[in-house]
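Colleague: If you read the sequences in order, they're chains E, S and P.
Here the first sequence stands for residues 1 to 370, numbered as in full-length UniProt numbering.
Here the second sequence stands for residues 1 to 520, numbered as in full-length UniProt numbering.
Here the third sequence stands for residues 1 to 341, numbered as in full-length UniProt numbering.
Hints were generated in silico from the structure; no laboratory data involved.
Every residue, glycine too, gets a C-beta built ideally from N, C-alpha and C.
The reader is advised that the hints may include incorrect statements.
[As the list claims (entries may be wrong)] Covered by chain S, according to a simulated footprint, are these stretches of chain E (three or more residues, beta-carbon under 8 Å):
| id | stretch |
| --- | --- |
| 1 | 216-223 |
| 2 | 227-240 |
| 3 | 346-352 |
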Amino acid sequence: MSGGRVRRLLLGAAAPVLALVAAILITSLVLLVAGDPVLDTWSTILSAPRERNVANIINNATVLYLSGLAVAVGFRMNLFNIGVDGQYRIAAFAAAVVAGEAWLPGYLNTVLAIVVAMAVGAAWAGIAGLLRATRGVSEVISTIMLNFISTSLVAFLLRKAAVRAPGSNSINTKEIPEGSRIPGIPFGGGVVEIYGFVVLAVLSGLAYWFVLNRTRFGFDLRATGQSTTAAVASGINVRRMIVIAMLISGAAAGLVGLPILFGDAYSYGSTFQSGLGFSGIAIALLGRNHPVGIGLGALLFAYLNEQSNPLQILVGVSPEIVAITQGVIVLTVVVSYEVVRRYRRRLEQQAVAAATDRPERPAPTEEVAT
Amino acid sequence: MASVETPSRSDAPPAVRLRGIGKRFPGVIANDDINIDVARGTIHAIVGENGAGKSTLMKILYGVQPPDSGTIEIDGAAVTLGSPADAIKAGVGMVFQHFMLADNLTVAENVVLGAERLHGIGAAAREEITRISGSYGLGVDPDRLVEDLGVGARQRVEILKVLYRGARIVILDEPTAVLVPQEVDELFDNLRELKAEGLSVIFISHKLDEVLSVADEITVVRRGTTVTTVDPAGVTARQLAELMVGSELPSPSTESSTVTDEVLLSVRDLTLPDPAGGRPLVDGVSFDIHRGEVLGIAGVEGNGQAELVETIMGMRDGATGTVELAGTDLSGRSTGQRREAGIGYIPEDRHRHGLLLDSSLWENRVLGHQTRRPSVSHGLVDRAAARADTQRIIEAYDVRTPGPEVPARALSGGNQQKLIVGREMSGDPVLLIAAHPTRGVDVGAQAAIWDHVKNARRNGLAVLLISADLDELIGLSDRIEVILRGGLVGRFDPSEVTPEDLGSAMTGAGSDAPREEGSP
Amino acid sequence: MAALLAAGVMSLGALSACGSSGGSDSSGSGSGDGLKVGMAYDVGGRGDQSFNDSAAAGLDKAKKDLGIETQESEAVDGEAESAREERLRTFADAGYNPVIAVGFAYSASVAKVAKEYPDIDFAIIDDEEAKGDNIANLVFAEEQGSFLVGAAAALKTKSNEVGFVGGVETPLIQKFEAGYVAGAKAVKPDITVDTTYLSQPPDFSGFGDPAKGKTAAQGMYDKGADVVYHAAGGSGGGVFEAAKSANKLAIGVDSDQYKTVDASLRSVILTSMLKNVDVAVYNYLKSASEGDIPTGVRRYDLKVGGVDYSTSGGQVDDIKSKLDDYKQQIIDGKITVPTKP
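Bound conformation, chain E alone (with noise of 0.2 Å):
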């Protein structure tokens, strides 16, 4: 028995040294192609970043963390929330308004904004979950048209909201009051502090697991996802589920922009980081939707991010070998993972055919039955 786990560890090990093994051929290929010297773009990758950059990365990793748990919500129903970008961006910029008028003293600001920024992004993802359970329409169409719509909202409102100093081309909303800020976790002395709102995060990937491993409510969630048709003859409610998720996710997406909002940029402005929500969905496969895997996502797209200068400026390799490597590893985790599934799935029904006393062949699923 112990054999079969270490097996089991064995294959949970196999998928993504696979994936980094395939992505790291690949990437070199593709330096090959372009003439860049792949040692030294490797031996960059590689080095052991800075101090100020690990609080970079942990920084980054933070909020691209949130916004893969926002996706994932999302993806274990097989709702494609491609608008956590739009999302995350109605919601701090509402967080960045409300924080900045500062109604309330020091952290119950601070605990309104986030709790508005909850509750903006779960309304703007609501619209695509209330079109698709009354109307049918796909959760991808309507969240990439909200994104839009969301880029212009923000623009407009915020030419509305915002205080411009003369001469500044850049435009933000009122700087947030320092007693409502969160403070940084002071890290090796350097220039850069850790973003206090990491602890939000970690926070959140534990209700994350928690909900959905735990609780009826992600047992019917993730049934849902996993076969609707199956979902609704148990007696979940699918179309209420589709709601709610979509608000969970906009909810969890409100959060993204938070920890850059109250730890760094104490404002929203035309410089504030965009495209968090793309890279989410990236990270959510990337972490098989796993609040660990999630995790460790997050954190391997942020230092890939932060090696994109040394990059350039050190060895003179284009920023967009980041954005390839970003992007094959995803497509090499996916299918890594695809295959080792499969792989897993035959030994489980090894294993069934052995515990059986008579070789019974595992149930076609497509194959035409005699």
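Got chain E; can you put chains S and P on it based on the hints?
Modeller: Just chains S and P now, kept in the frame of chain E:
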């Protein structure tokens, strides 16, 4: 029963000679030392229970999968069939159980599709189709749209497709599964025509009466290997079945009546409009089921059985009429509430409606019981209790699995079904809805499931049984209602009715509703 | 995947610029040879046919003439503020000095990182906000150049109606609008000037969307305008196409677009407002190599040739004397061009 030594009717080499065919999949031996001779101009049946290896054998013969060992000879010449194209070239054609026709094309277009090189797509092709149709008595009109055709006619188009491609050896996989008795007879007439023209037919089935009536030779496959080849004249269906199973065989006979006069399920004027605007899918259905009674619903597939069940389960929108369970009106309640009220549901398609294939058995135990102990308490999934109760089901219902952690997909169809039955009986239901409960399960599991249905009846449940297997319906039911185009059109006493009577009623023959060709 | 990652992306920044000769004044120290220059581009980087390219041209010229060593790095769209900071720090750590940041998006990061590296000199283009002893702000009097092309438009219009298409409504682009309107009204006080912006911050897509530019310009031509000035970066190509199909005139921006557009579109280009980023970069580096690093705000205006109008194509030859007259009045301070509309 007589074993036939060398089943050849002439000195010519057999049309198909299989020797020592073996095929392994990881963990299972699908085929092992298969030896079959199919003589020219005969109908050769291959029978065996589910999982015996018939499908794999046919896929090897049709070039879909290569064998690991053994030889295939066609008309005396050894061949290697690497793909269906090779098989067609060698004169082997296959008619699948699920038709592969484009509904919006005509018969001629469907036949020519993919074989444009043979006779073009114009008049020559049409002429060839008409010729084949005429010489084998298929009676197919090349200009009709396939969507207008009935099941039997579609099957004839499939056969025509195969013949058009020059097949001399035609494999039919479970061809009668989708047909009513009258259509089965027509099919057999067609097969006899083929035989008379010198073609060889390989006929796969587990309906032994049909096999006995049409086949010239019967090969029994068990556990991936050929047990014997027999002459149908020398065996009975029961003997054949015992050859298939390798042991004594159960039958679905009803025990003494347990019907009481207490109505448990009362359905009144249940109607489900067609969202597409056609005639209602379920049309004014009313019936009662009493405590301890099994009501069987017979009908040609697609006449509203599935919709009737799903309406009773509350899975369909827009239904009118009332459903009362043990005096409680369920109309307007959700599926979940109906389940809580005491409905156990064995769905028609266990993969789509009954299971989460990639989840463990114990998670599947939770499915449909998310609101109830022992699986769930206080909104949290009680994993330990769910596992323990799954273990109970595994033991009580003889689900063959290493344990409750195995994903449902890894189980064979019969064991999946036993798990579902065990699960649905675990919530203390007052009504059990069983839709095709033994479809696609092996004989052993079939007997077990019949026992469970009988047990349920004995324990005072009301049982609604939907089945396409008329023997099963007659054997298990206390009363049979026939459904046709969404409405109940006839009531039969199973102790008096024959499958032929039911078949007539199911197609509308002999009732006020005339049968029309093309109604599915 | 790469597509997904890239999706939702707009081109941030990217207004172009071109040639001038800056006044050089001084501080700091440097030794001509062995100067290692780091250049941090905005999104698009070298090859964007616009603002970044213009800066790159200045860098290339300096590299050739002054024998300096250069290294470049470009921004990724929508990147984190920390990524911009880290770009500057990586240059500084690797011994690059001075470090030039292209575009106002670097404003905050230059201000922050310059404090961390007091021994390194920084320059930022198009931004006056980042202040520090080791920061040079290279900015342009876009309103002055725009005044001249506004005057040219007013002198050429027959319908007494001209148009302005801005890329993104930022204070920077509003300077173009303000100068243009003032120039047009100086010639014809009763002239109608239609103005529009393709997008509003924080949406910077207006700098990279030719289809939007074309639609906006078409609307103006249909309404009666016969000259349209664009300050919309990459969207300007659409404006020229609209002019071509309406058989009307358009005015280019930043570089001499008569020389860079497709030959078939040349006929519609009346003139271009020149914003000579390359010259600013070159002069900055020249001073640096002479050991004379500029700091503080360096404004490149008409007087120093930081902005101008182009004459390629000869369409303004007949009004050149009038335009040069306005130019002189601005240089002499007789006309003060507004910077806000």
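Colleague: Quick check: the stretch 346-352 of chain E, covered by chain S? Criterion 3+ residues, Cβ under 8 Å.
Modeller: It holds, with 7 qualifying residues against the three required.
Colleague: For the stretch 216-223 of chain E, do at least 3 residues have a Cβ located nearer than 8 Å to some Cβ of chain S?
Modeller: holds (count 7)
Colleague: How about the stretch 227-240 of chain E: do at least three of its residues have a C-beta closer than 8 Å to a C-beta of chain S?
Modeller: holds (count 9)
When held up to the earlier numbered hints, the structure conflicts with none and fits them all.
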